[in-house]
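So the sequences go chain by chain: A and B. Numbering follows the numbering used here, with no gaps: position 35 of the first sequence is 35. Heads up: take any position in the second sequence, counting from 1, add 1000, and you land on the numbering used here.
Hint data in this document are derived by calculation from the structure and do not stem from the laboratory. The reader is advised that the hints may include incorrect statements.
What the hints assert, rightly or not - The list that follows gives simulated cross-link-like pairs (lysine-lysine, BS3-like), each with its CA atoms no further than 30 Å apart: (1) 1105(B) x 122(A); (2) 1089(B) x 122(A); (3) 1089(B) x 1105(B).
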Amino acid sequence: MTAATDTRSAAPSLARSAAFRTFAVVCAIATPVIYTICEIQNWPLFTYHPGTNRIDLFWAPPVRNEGPAMHWYGWTANTLIGSAILGFIATMLPENMTRRIPLSLVWIVPLAVVPVLIYALKFFWRW
Amino acid sequence: MGLVPDFLLDFVTVNTYWTILFTVHALLAVALLGALTHQAMSVLMPVRQGAAAGGFVTRFRAVQGAGYAAAVCILWVVTFFFGAWIYTKYRMYVRIPIEQQGFWKTQGVFELKEHLATIGLGLLPVYWLFWKDARNPEYDSARKWLTVLLAAMVWFMFLVGHIVNNVRGFGS
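Isolated chain B (complex conformation) (with noise of 0.2 Å):
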């Protein structure tokens, strides 16, 4: 049945323990979109020093992305933990019916997830250090294209989730 530590269903039932565990890595996952979103946005599109306020989408670029990063390598990592410890699940109770359907490529972009969520973790260490030594201009070019490359990883693991969700996710 995956991991389930035997003293927590003294006061919870499996479907509850799966479905409070994979609510928290959905939540996490949202808070780490929502970070790097806004941090890939603040190095693609800077605003101008002494620039007036804008609007929503100036304001939603204006963000101090130095002061994302650390949020971002936890949430990862924390994320990533979530996801991993559900996958004792999925992959005797979601992937096998998914199989059994013929929804291949939907299994197919699962795998990519996963795959990218492991090269992201390796990524973490060099992410920090652009970030924190963000007065160095030698890491300027390299922190806003890793920046943009971990951003574009986070939003294809998260619609692959929800996908795979709408697949065979709750209530089925």
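Here chain A stands alone, though its shape is the one from the complex (with noise of 0.2 Å):
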């Protein structure tokens, strides 16, 4: 036994609750997902010009002589929102079939698209 686990005390009712569990494992394993599909297909839900404080909806681009145009924030967006959905409607699921989903998905999905990612920045990686 570990010092960890003397420590444990009764889970909070919404970490008891399933629902909730299809929710999180879900969200997690979209999360990494959707967010490398939006970063490499660019698709951002708005994008914002820094220099005017425009936000356009979508994809834009930079327009000339007011500075660069942002698409993270359109990404995270998209990622929020998509992951959200997805684990929502994963919770109106039979139980017996969320269940299936290996927990450690939660943190193999995102370890594997860390890899991507960096292949996607390769525009950076110059000598």
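Please assemble the complex out of the two chains, which come individually in their own frames, going by the hints.
Structure follows, in structure tokens:
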């Protein structure tokens, strides 16, 4: 027994909820996948122009003489909304089905997308 | 110039405003780094029950990991929020000079940092669940490796933030 297990106390009700478990697991698996797709395909929900504080829906190019365009906020919005929706949909599935999702995927999938994201940034790896 | 609420400029200069924001972001990151490092050590090298009080390393890894979970989640979200806010300034006044000076790898690792920050957000609900239902042995392995992964991500992000600040941060 470890020091960590010594201190285990009764879990809050949310942590014992099967629906929350399903939501959290699916959300954790979906987030890296959706984010990687949005980044590689360049699918932001919106584009922010920091030079003028303007926001365009979906992807937009930089405007001449108005500074750069930022898409990361839009990828993040897509990712959080998309993974939350998938998580909620998963809660409607039968529990015996969602219980079959391997819990190890919650750390394997985020780890697996890292090389993909590094490759997607190949423009920057120049000497 | 990035996101600056106008009413604040009655009280502080633009430079002071961004300096305060960046300092708060950095301090929150230090707290997050410390919490997750303690927690990761506690799952990687757990201290046996009844073990005699050891030295610094033993005490470092003997923390009650479950007690850190909510704090880590809150710290991640708040640090992310401040980082996202500062990013508006970074994109205009830091990234462009970095590119002009040809520090491509520095910019590349910063891009990876922002990717990991977002991915980490999506992992927080399951991370919280695993720690708050710590009696459930089904979660033991996933909790361990997810915690280690999040700690590694925070270490990477912290060091990259430090490097970027060295390249073009305060005083540049």
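Here is how each hint holds up against the structure:
1. 1105(B) x 122(A): holds, 10 Å
2. 1089(B) x 122(A): holds, 24 Å
3. 1089(B) x 1105(B): Given that 30 Å is the threshold and the Cα spacing comes to 20 Å, the pair holds.
Checked against the numbered hints given earlier, the structure satisfies every one of them.
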